Each structure stands twice: as structure tokens, then as C-alpha cells.
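Asks: Sequence:
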Amino acid sequence: MRGFAVFQASSSFHSSLSQDAFSPLLRHLSHRLREPSGSGENREALFEKLSQQVARSNNGTIHHNNLRYDSRSEVAIGRLLERFVEGFRVDLGRTFQVPIGQSSKGHVLTADFCIGNLLLEFHPPRLRASRGRPGDFENWRELKHYERLLEETDAEGRIPIRELFRVKCLKSYEEKRQHQIDQSGLHPGKELIVVGNALDFYDRVLCRIATQTLPPRSSFQALFNEELKVGKDVKPSKYQKSRRR
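Sequential numbering from 0 applies to the sequence shown in numbering that gives the first Met the number 0.
The hints are simulated quantities; they were obtained by calculation from the structure and are not laboratory data.
Note that the coordinates shown come from a computational prediction; the quantities given were computed from them, not determined experimentally.
We put the CB at the ideal spot given by N, CA and C, even for glycine.
A few of these clues could be false.
[What the hints assert, rightly or not] As a list, the in silico DSS-like pairs of lysine-lysine whose alpha-carbon atoms are at most 30 Å apart: (1) K170 x K143; (2) K189 x K143; (3) K104 x K48; (4) K189 x K48; (5) K228 x K170; (6) K104 x K170; (7) K48 x K175.
[Unchecked claim] Across the chosen pairs, the derived CB separations fall in these ranges: (8) E151 x G105: 39 to 47 Å; (9) G131 x K104: 15 to 23 Å; (10) N41 x I158: 44 to 52 Å; (11) L149 x Q220: 18 to 26 Å.
Make the full structure from the sequences, and use the hints.
Replies: In C-alpha cells, the structure reads:
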């Protein structure tokens with residue numbers, strides 16, 4: 000009964016959350032866009048400078064078409080965008096590994112892809128502690144709450160709980176990254192979408208921007224899995240990426 004009760008509560012909350020979590024982000028009205036040096040020309044010059052820096056430090060561990068990717072999922076997404084979005088081509092520093100700003104240490108921050116006025120990142124939410132941090136949870140208390148719910152719930156009830164917190168962490172990460180983009184001023188007015196798996200990508204991105212006929216949702220995971228096989232594992236270069244987050 001405990002698992003069923005949690006399932007009901009989680010399902011109800013997830014149903015109401017999904018409409019907000021998967022709709023275009025509401026802008027934070029309390030923040031104004033800050034453009035580099037206050038002009039479009041300076042913004043374009045900075046973007047060009049950072050794009051060149053990204054091109055020099057392309058250092059992922061998956062090789063495909065003379066480019067290095069951070070993951071096989073990035074390769075799959077790039078190939079599927081080229082397949083289903085007319086005119087899109089993977090172009091390092093411009094449509095792929097796109098500069099969105101700089102860290103306090105001067106490292107280039109990037110989004111995985113840019114398709115018109117849409118920025119896209121692939122980021123499976125981290126639902127466990129890693130490197131001394133509470134994953135993608137807001138704090139340790141929230142992580143412990145999540146872990147306690149899983150411990151107190153049966154196997155069936157854990158499924159909606161995991162999905163509930165996956166969506167919550169994904170939305171939280173998306174909002175933080177959107178704020179970084181707005182503050183940098185490199186992409187005024189552009190929207191960020193963060194996807195955590197193949198079906199997120201299908202539902203939130205391809206169904207919205209595809210210009211070619213998509214396969215049924217039921218068969219998309221299999222197509223994505225096939226694309227994951229593309230690419231070759233390589234060792235990273237000796238220098239560290241300048242674009243690490």
C-alpha cells in the first residue's frame with residue numbers, strides 16, 4: 000500500500016509538473032540581458048573569438064567525421080538533427096559545441112547544439128552523489144529525501160518516483176543554464192532545451208522543429224540506439240579542454 004500511495008502522489012504531481020517542465024521556459028523578469036560591451040558588433044566579435052577557441056580545443060573521446068564528441072549520445076543527436084531538420088549541419092563552434100559564455104576562470108562554456116533560435120544540451124540528470132556534490136539536486140537534503148523515498152517504496156512505486164525527480168532535476172539544471180546564457184548576452188532571445196534521454200529529444204525537440212517525417216515514437220528509441228553505435232573511441236588530447244563547465 001505504501002508503494003501504491005507514493006505512486007498515486009508521484010503520478011499526480013508528475014502530471015501537473017510535466018506541462019510546466021516541458022513548456023518553453025518563462026523568462027526571469029528580474030534579470031536583464033547583459034550584452035558584452037553593450038553592442039551587437041562586440042557580441043559577434045566575442046562569439047567569433049570563443050568559437051575559434053572551441054575549435055582549437057575540440058578534445059572529446061568519441062571521434063566521428065573528423066570531430067570529437069563528449070559522448071555517443073551527442074553523435075546520435077547531431078546525426079539525427081541533420082537527418083530530420085532540413086539545412087542543419089554539424090559545424091564546430093557554430094552549431095555544435097556552441098559558446099554560451101565564459102566561466103570565472105576564463106574557460107569557454109558551451110551548449111551542445113544550436114538550431115536557429117534554439118540551444119540544445121544533452122544532460123542525463125545525476126540522481127546520486129558525485130565528486131562530493133549532491134548530483135543535480137539542489138542540496139544534500141533533497142538528495143537524502145529522494146533516497147529515503149526509494150527505500151520506503153516497493154519496486155513498482157520507485158518507477159514514477161525516479162521519473163518525477165529526473166524531470167525535476169532536469170528542469171532545475173535547464174533553468175540554471177538558461178540564466179547563464181541570458182547573463183552572457185551571447186544569444187539574446189534564444190531558448191535552451193536540456194534533454195536527458197532519447198525520448199526527451201524526440202518529444203521536446205524533434206516533434207517541434209523537424210522538417211522531415213519522423214518515425215513513430217514507439218520505434219525512436221531503437222533508431223537512437225543504432226546511432227549510438229556510430230563513432231570511434233579515442234584518447235583525449237594531452238591538453239585540457241578550455242570549455243569545461
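Asks: With the threshold set at 30 Å, check whether the alpha-carbon distance from K189 to K48 stays at or below it.
Replies: The given pair, whose Cα atoms are some 20 Å apart, holds under the 30 Å limit.
Asks: Measure nothing beyond the straight line between the CA atoms of K170 and K143; if it is 30 Å or shorter, mark the hint as holding.
Replies: Holds, at about 19 Å.
Asks: Can the restraint linking K104 and K48 be considered satisfied, given a maximum Cα separation of 30 Å?
Replies: Holds, because 16 Å separates the two Cα atoms, which is no more than 30 Å.
Asks: Has the given pair, K104 with K170, been kept, meaning a C-alpha gap of at most 30 Å?
Replies: Given pair K104, K170 holds - Cα atoms ~26 Å apart, limit 30 Å.
Asks: Against the 30 Å threshold, does the CA-CA distance of K48 and K175 hold or violate the hint?
Replies: Between K48 and K175 the Cα gap is close to 24 Å, so the pair holds against 30 Å.
Asks: Does K143 sit within 30 Å of K189, going by the straight-line distance between their CA atoms?
Replies: violated, 35 Å
Asks: Cβ-Cβ distance between G131 and K104: within 15 to 23 Å?
Replies: holds, 19 Å
Asks: Between E151 and G105, does the C-beta distance stay in 39 to 47 Å?
Replies: Holds, since E151 and G105 (Cβ atoms, about 46 Å apart) stay within the stated range.
Asks: Between K228 and K170, is the straight-line Cα distance small enough, at 30 Å or below?
Replies: holds, 28 Å
Asks: Range hint 44 to 52 Å: satisfied by the CB atoms of N41 and I158?
Replies: The hint (44 to 52 Å, Cβ to Cβ) holds, given that N41 and I158 are roughly 50 Å apart.
Asks: Against the range 18 to 26 Å, how does the distance between the Cβ atoms of L149 and Q220 compare: consistent or not?
Replies: holds, 24 Å
Consistency note: the structure conflicts with earlier hint 2 alone.
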